[in-house]
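Protein chains: 2
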Amino acid sequence: MYRSAPTTPQYKATARAGSNIAFIKYWGVADPRLNLPLNNSISMTLGALHSTTTVEWDTAGRLSADQITIDGERAEGKKAERVTQHLDLIRHLAGDRRFRARVVSRNNFPMASGIASSASAFAALTMAACAALNLNYDRTRLSAIARRGSGSASRSLFGGYVEWERGADDASSIARQLFPPDYWTLRDVVAIISTTEKAVSSQSGHMLAMSSPLNAGRIDSLYSALQEVRTALALRDLTRLGPIIEQDALAMHAVMMTSRPSLLYWQPGTLEVLHAVRRWREEDGFPVYFTIDAGPNVHLICEAAFERELLKRLQTLNNVRSVVTSGPGDGAEIIDQHLF
Amino acid sequence: MYRSAPTTPQYKATARAGSNIAFIKYWGVADPRLNLPLNNSISMTLGALHSTTTVEWDTAGRLSADQITIDGERAEGKKAERVTQHLDLIRHLAGDRRFRARVVSRNNFPMASGIASSASAFAALTMAACAALNLNYDRTRLSAIARRGSGSASRSLFGGYVEWERGADDASSIARQLFPPDYWTLRDVVAIISTTEKAVSSQSGHMLAMSSPLNAGRIDSLYSALQEVRTALALRDLTRLGPIIEQDALAMHAVMMTSRPSLLYWQPGTLEVLHAVRRWREEDGFPVYFTIDAGPNVHLICEAAFERELLKRLQTLNNVRSVVTSGPGDGAEIIDQHLF
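Taken in sequence, the protein lines are chains A and B. Per my numbering, the first sequence starts with residue 1, numbered consecutively. Per my numbering, the second sequence starts with residue 1, numbered consecutively.
Bound conformation, chain A alone (with noise of 0.2 angstroms):
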């Protein structure tokens, strides 16, 4: 189950994850506790778009309580409790529960992007604590303990595209991947809208999924459309990928729009974006699809030829304040390890 505890004064590890983009969103928690999904997700790991985390434990009993340092910023509140909570897990496999850790964590994308960073975070500060604890836990492992910490983040310690199983339990709800980066080089090419943060978080919203009426027709149609996304992605056909992948965003923010409170991330940019991308294909034939997370930018889906294009045709549009792009990327890695 778990290995001793260190008993050498400090150690320490480094591991970047990417962010990724979810093509079969997750929403809904079906237990609050583990973080079990109400349904299977499936992503692409963004290469581009990383975390980099370093964390030091304190075997010395230095620090009285975890310090943890975000993008330069010393984090509080919420923010810090949930990283904690997340090194209380780690902790508690490891068998000890005393060492406070220094956590440094910086993201290669503006905060202020709108890209969430919690996918990322959680998957490099997982595969780092538990380096630096000399966890020796393969991926799969490793996933379904970031999953506890953010759901998606299970996704990120694998590169290319991931399937993150829902799982009956903390054991088996981990991720796997489908297919590695190199299989099919699509670009996501994200459309920021609005740099503001959410109202809501992502975190408190999963829990509204099931007070929709909308949310159980959203799950049952799943089984079938993750069955397309897997033979999209395996045939690389991006005409078949991409409705799926539009309805499911549509429908995830229909449950969003119609859960108790009623949760609206969409901005009028999101729609300029939309109604674009649909004209484009209308038009001629181009061939874009968009997805969209828990917030109001847009994920415009693409193969590699025509991102050159598909930058072109963004700049005529008026709510799109800047891009940022990325390829599938590799999973969670460690980049340096101190066992002193």
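Hints in this document: simulated from the structure, not taken from any laboratory. In this text, all values refer to a predicted model and were calculated from it rather than measured experimentally.
Note: identical chains are not told apart, hence a pair may lie in one copy or across any two.
Under the rule of at most 25 angstroms between Cα atoms (straight-line distance), these lysine to any residue pairs were calculated in the SDA-like manner:
#1 K312 - Q267
#2 K78 - E282
#3 K78 - L264
Dock chain B against the given chain A, drawing on the hints supplied.
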């Protein structure tokens, strides 16, 4: 079942009917031939936005086809065909299929306002056409006939607050008044976002509802939503009515967005108004709620005392091109009848 056809040379009548705004929406057809809906719907008949329609049956046999004029323009193609089909039904009820009709219809709201005219138009057409043939049907029967032309037209036969019973056949799918117009003077303040014609008419959209994985969940949830609306109307309680009508408008658009093909009626300005409404409620409890028909315009529902302030606030928004308002009005009525 029907009365014998008139044998006098010229029968003519003019009827006026108000449009209506649904609080629980009609979306989805259970029986396309009879135009039976998937669910009961509840609306307010709009006094200020109406169609006036004159039907003159050509008993002398001078016309070889129905002659239809809408807002001063001769109707052609699908539009004319839909009216002719409805006249066919009424000819059938009258027991004589030979008579053609001259139909002149006028809306007192601009076509370009984006307000659907089919409800008021088919209610007025039904009442005028039947009266001109001396078919003395009561409103209930007329509502069932109007339904065949346009589902929501069935509700415009009655004034005030109206429920259209889904029904199981042609005779039971009828409207009835819940409360008269003066029971509660709500206002419908329509924020006009766009006046371009819909890419997909609601008539064909209704056929797509069942292709959405979210449709069944919406329909199942309506039993209690309908009851809640009836109660809120009975109590004249807008804080109880408002959240339900917002949720059902969002649920209907959710079904539209996730049907195949996906229907996205909203425009950027639609979201600007939705966010403004919620911001106003949060900031200073301003009591206004939204609903949205199959189009981009937002119907803002408030009590009469708050209309002036609402109009002022709407002027601060960027995407509201114009505003049309109405309170509850009477049901369809004959305003002129000549039986020579």
